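Enquirer: What follows is each chain in one-letter form.
Number of protein chains: 2
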Amino acid sequence: MIINVGRQLGSGGRTIAARLAERFGCRFYDRELLNLAAKESGFCEEFFERNDESKNFFKSVFHLHVPHMSDGSFYNNGLSQESLFKFQSDAIRKAAETGACVFVGRCADYVLRDRDDMINIFITANEDDRIKRIRERSGCEEAEAHKRISKGDSERASYYNYYTGKKWGHSESYDLCVNSSILGIDATVDYIAGFIERAMPAGDNTERK
Amino acid sequence: MIINVGRQLGSGGRTIAARLAERFGCRFYDRELLNLAAKESGFCEEFFERNDESKNFFKSVFHLHVPHMSDGSFYNNGLSQESLFKFQSDAIRKAAETGACVFVGRCADYVLRDRDDMINIFITANEDDRIKRIRERSGCEEAEAHKRISKGDSERASYYNYYTGKKWGHSESYDLCVNSSILGIDATVDYIAGFIERAMPAGDNTERK
Chain Z
1 MIINVGRQLG
11 SGGRTIAARL
21 AERFGCRFYD
31 RELLNLAAKE
41 SGFCEEFFER
51 NDESKNFFKS
61 VFHLHVPHMS
71 DGSFYNNGLS
81 QESLFKFQSD
91 AIRKAAETGA
101 CVFVGRCADY
111 VLRDRDDMIN
121 IFITANEDDR
131 IKRIRERSGC
141 EEAEAHKRIS
151 KGDSERASYY
161 NYYTGKKWGH
171 SESYDLCVNS
181 SILGIDATVD
191 YIAGFIERAM
201 PAGDNTERK
Chain R
1 MIINVGRQLG
11 SGGRTIAARL
21 AERFGCRFYD
31 RELLNLAAKE
41 SGFCEEFFER
51 NDESKNFFKS
61 VFHLHVPHMS
71 DGSFYNNGLS
81 QESLFKFQSD
91 AIRKAAETGA
101 CVFVGRCADY
111 VLRDRDDMIN
121 IFITANEDDR
131 IKRIRERSGC
141 EEAEAHKRIS
151 KGDSERASYY
161 NYYTGKKWGH
171 SESYDLCVNS
181 SILGIDATVD
191 YIAGFIERAM
201 PAGDNTERK
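First to last, the protein sequences are chains Z and R. Using the working numbering, the first residue of the first sequence is number 1, and each one after it goes up by one. Using the working numbering, the first residue of the second sequence is number 1, and each one after it goes up by one.
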């Protein structure tokens, strides 16, 4: 079973995804863990060899959300962003082969689109809750939190739309979209778990769609 | 309690909305019933008096999904589309005042946006299920069903985006979006009912947002 969780910045989506992973005994992969997996799997050896500032650069690359990099040096190393997307996609596929996973973002729903044991979820939240969550996390001012929301959503949408050909955050790209402000984080986790249990009864790996 | 249900053409959203109304003892308003309510309430008397072909014209107007009418005669009667939107909005508000309601489409979520006892839901479905449903309903060919989906979604989006300033079908415009193909119509009704029950415990009319 694969659960993919897309989310608005500050929606609590990452927390919800982690709780779902715990609930269903799935491995949990967010951006950082996928980077590590990609690195450990050896997919990026070539990349690391070619790059003097590999560690920082690698880090910066996987924090990228937009199709075009501001760092010109990137293109001088003979690796396109498409290659990097491929590295990460390989890490996602490899992780998915090892068993049940929850992926947060990273277009995993697109990378694994041929699988029929997958649930795609998107988490939103009311703007005031998003602002509050971002401020608690980073200690920034309200105006700065608004800026981060606007920039974060825009970057996630660009990245997702570019690679998947689907629309980030649009209901038709997902099986279930929930505003976490309505029930709160705990009850939203329970509610989504109910969907997954109904959609994928234990041991049922027959085609759903 | 107010439940608003937006839906892709052929998603089963209207059926789901009707079942939710039955389940929660709400009055059910789709386009036809809202037209009737608008007419009966007397809001449109002026409109009917001004128009020779009032009945057919009235019908055509409320089937409109796009901001601009192809029927030029419309503008010659001294009533703008904004007035018509207002007639319909008044009917929605009046219906909502009488008690618990389920509204299908018609931007009711926007019209009633100041209420705090409202749940906004959007229903999608896999394309093959939508095609099948449209063909069963109208007996049309597959190519024609594809055309209707494309046209229907586009018109609904234009209408909704124009009047509400929100994005039709985008998760951030709703509290809950569900793909009815995953669980099927019956289980989707049950699942959505669970959300409504958790979000609005009986008798709880306190502010949610």
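One should not assume that every hint holds.
Put simply, identical chains are the same to the list, so a pair is met inside one copy or across any two.
[What the hints assert, rightly or not] Below 30 Å or equal to it, Euclidean Cα-Cα: the simulated BS3-like pairs (lysine-lysine) are:
1. 166 / 147
2. 147 / 94
3. 151 / 167
4. 132 / 86
5. 94 / 132
Don't read these hints as lab results, they were simulated from the structure. Quick caveat, the model's predicted, so the values are computed rather than measured.
Enquirer: Now look at each hint and say whether the structure bears it out.
Expert: Consistency of the hints with the structure:
Proximity of residue 166 and residue 147 under a CA criterion of 30 Å is satisfied in both settings, with 25 Å inside one chain copy and 20 Å between copies. Within a single copy, residue 147 and residue 94 get their C-alpha atoms no closer than 36 Å, and across copies no closer than 39 Å, so neither meets the 30 Å cut-off. For a Cα distance limit of 30 Å, the shortest separation of residue 151 from residue 167 qualifies both inside one copy, at 17 Å, and across copies, at 18 Å. Neither within a single protomer nor between protomers do residue 132 and residue 86 lie at most 30 Å apart by alpha-carbon distance, with minima of 35 Å and 36 Å respectively.
In this homomeric assembly, residue 94 and residue 132 never come within 30 Å of each other (Cα to Cα): the closest approach is 36 Å inside a single copy and 36 Å across copies.
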